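As they're listed, the protein sequences go chains A and C. Per our numbering: the first sequence = residues 695 to 1035. Per our numbering: the second sequence = residues 695 to 1035.
To be clear, the hints were calculated from the coordinates, so they are not data collected in a lab. Take the hints with a grain of salt, since some may be wrong.
Identical copies look the same in the list; a pair holds intra-copy or inter-copy alike.
Said to hold, decoys possible - Heads up, simulated DSS-like pairs for lysine-lysine below, C-alpha to C-alpha not over 27 angstroms straight-line:
| hint | residue 1 | residue 2 |
| --- | --- | --- |
| 1 | Lys971 | Lys950 |
| 2 | Lys796 | Lys1011 |
| 3 | Lys849 | Lys774 |
| 4 | Lys1011 | Lys950 |
| 5 | Lys793 | Lys849 |
Just so we're clear, the structure is a prediction, and the values are computed from it rather than from any experiment.
In case you want the letters, here they are:
Protein chains: 2
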Amino acid sequence: MNGRADRIQLTEVCLRDGSHAVAHQFTEEQVRNVVRGLDEAGMHYIEVSHGDGLGGSTIQYGKSLVDEMTLIEAAVDECKNSKIAVLLIPGIGTMNELKQAKDLGARLVRIATHATEADVSAQHISKARELGMEALGFLMMAHSVPVEKLVEQAKLMESYGAEAVYVTDSAGALLPTEVRERIKALRQALDIEVGFHGHNNLSVAVANTITAIEEGATRIDGSVRCLGAGAGNTQTEVLVAVLERMGIDVGIDLYKMMDVAENIVGPIIPGSQEIKKGSLVLGYAGVYSSFLLHAERAGKRFGIDPRDILVELGKMKVVGGQEDMILDVAAELAKNSKVRA
Amino acid sequence: MNGRADRIQLTEVCLRDGSHAVAHQFTEEQVRNVVRGLDEAGMHYIEVSHGDGLGGSTIQYGKSLVDEMTLIEAAVDECKNSKIAVLLIPGIGTMNELKQAKDLGARLVRIATHATEADVSAQHISKARELGMEALGFLMMAHSVPVEKLVEQAKLMESYGAEAVYVTDSAGALLPTEVRERIKALRQALDIEVGFHGHNNLSVAVANTITAIEEGATRIDGSVRCLGAGAGNTQTEVLVAVLERMGIDVGIDLYKMMDVAENIVGPIIPGSQEIKKGSLVLGYAGVYSSFLLHAERAGKRFGIDPRDILVELGKMKVVGGQEDMILDVAAELAKNSKVRA
Chain A
695 MNGRADRIQL TEVCLRDGSH AVAHQFTEEQ VRNVVRGLDE AGMHYIEVSH GDGLGGSTIQ
755 YGKSLVDEMT LIEAAVDECK NSKIAVLLIP GIGTMNELKQ AKDLGARLVR IATHATEADV
815 SAQHISKARE LGMEALGFLM MAHSVPVEKL VEQAKLMESY GAEAVYVTDS AGALLPTEVR
875 ERIKALRQAL DIEVGFHGHN NLSVAVANTI TAIEEGATRI DGSVRCLGAG AGNTQTEVLV
935 AVLERMGIDV GIDLYKMMDV AENIVGPIIP GSQEIKKGSL VLGYAGVYSS FLLHAERAGK
995 RFGIDPRDIL VELGKMKVVG GQEDMILDVA AELAKNSKVR A
Chain C
695 MNGRADRIQL TEVCLRDGSH AVAHQFTEEQ VRNVVRGLDE AGMHYIEVSH GDGLGGSTIQ
755 YGKSLVDEMT LIEAAVDECK NSKIAVLLIP GIGTMNELKQ AKDLGARLVR IATHATEADV
815 SAQHISKARE LGMEALGFLM MAHSVPVEKL VEQAKLMESY GAEAVYVTDS AGALLPTEVR
875 ERIKALRQAL DIEVGFHGHN NLSVAVANTI TAIEEGATRI DGSVRCLGAG AGNTQTEVLV
935 AVLERMGIDV GIDLYKMMDV AENIVGPIIP GSQEIKKGSL VLGYAGVYSS FLLHAERAGK
995 RFGIDPRDIL VELGKMKVVG GQEDMILDVA AELAKNSKVR A
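Bound conformation, chain A alone:
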């Protein structure tokens, strides 16, 4: 196994990715209740951070109701067996915040970059290792780059000291066959563990995750009741049920997970995590969720369907920070009248 784990390790992300779904308004009591329930169910890792990672609580990304360090400390306090993880996107979070999280008891960090920008993770990964944390790489928008590029970027993260690299399907745009080729390629190219983080925009998050596991991914993310950005993530309690049905024991208590979903996380969900128009088109187009509002505005201004703008942006593989291009694309589409009424 090249030193790779022979057992699947689940990371529950409802207290990090799910932060988007509650507009970063988690209370300390909610976090304590969720962590206590997950810990009792046997969850391996529980990620606690602002939705955009450490330091994300800003006007730009949305202010958290409660300081994430308070939430991390509370989460660590509730854990008997589970380990607390954090997420850090270089450029948003800093080394300072990472150290703070570590001092509060966080044991693992995922350093997340766009799928083409692994190089910005070098310092953070080595710093995390120096601090004695587990440090994993998280390649976001993994659908938007060719497999060879993803392999190249993953190898960079491995060279920086990452102990695993995730295929992160941020837009929920990957289909099972696409997950299969990515996980397979990474498994072949790397000596470290491979992970998968799915979103459910195309309703295949659980199927993608099973596929990833079949191909040897051992670091797996899920979110109870799909609480996460877009249509949410791979629904953890459903995944555990499916894995049991497949005869794969991950050491997590299914009934307790169901109870956490029903009694603790369910009441926190502000709306519903169903797949609606917005989340579906994001997955179909394969773009950042932050583009949705911009595309709607641009569509209105130029009299075209915002979905056409999003699809075009997806084809052009526009990344975060390039929001200016949305108006250009809308103008171009309007000019060409390449519109679906």
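With chain A held as given, fit chain C onto it using these hints.
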């Protein structure tokens, strides 16, 4: 192709399976609006019947707000291109009702039986053919029988004159590999078309449906916004998006389907179609949704977890009509104290 269709035909079931989700309270206006939207989007077939098929409006199965014949007539009236389908479960619906539906303009009927009881469909299938309707067989709870048994039963339906047979995953209990082997076996054994009807209790309805299509199924069911029993069905508009992504053109307008989902069906949904505790355990155990309430009552009475009762019933492959066994199972479990607290 042995005379089999070379093109996928979708049947939208939100106005039949979805009848369960709205406690059979569809209004004529709702049905007209949904049908008009689906017809404009290019849907091939639209099924309109009580949730339990023609004649299902009873105290036992739930009374419909509006007589289904009124709804069928309204649906036919709204169709420019789509065809109206009905469902009939022998023992619930009668030949009389089938004739009435046909006279009102229904063009296709699915004769549905438990996966082991295809023989009760013989008369209804031949009667439907006599009436000049398309007649398809619908093998419910297809997860609960061995593949060979399913093939045997499907061949019976073929011998009665069915023009297609569906693998019907009523409990949402099948996983993609299980769908694959069933569709493959039916495709090999039959000269007629093979269909797939999924439920989303294990969050793999879309993946199961893609798998069925990969294996050659050409009759495919979906439900807009998952409106259906349990966790609902394969979400039609998501399936259409996924098929487009896969390069499979089914001749349905994706944006119009999204609009039907958002503007017409969305507002009808009484709760949400998320996967919650009840629907998850039904899929995990592989039992009828009608068992849930019985199991909860029996669990209370015997002081055991109702989920253990459902799992046991699933193992025993108890079918509808055998509800008495639920108390027996509960008593036995309580006696053996084989309980998960």
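Status of the hints after comparison with the structure:
| no. | hint | result |
| --- | --- | --- |
| 1 | Lys971 to Lys950 | between (32 angstroms within a copy, 11 angstroms between copies) |
| 2 | Lys796 to Lys1011 | neither (35 angstroms within a copy, 51 angstroms between copies) |
| 3 | Lys849 to Lys774 | neither (34 angstroms within a copy, 56 angstroms between copies) |
| 4 | Lys1011 to Lys950 | between (41 angstroms within a copy, 25 angstroms between copies) |
| 5 | Lys793 to Lys849 | within (25 angstroms within a copy, 66 angstroms between copies) |
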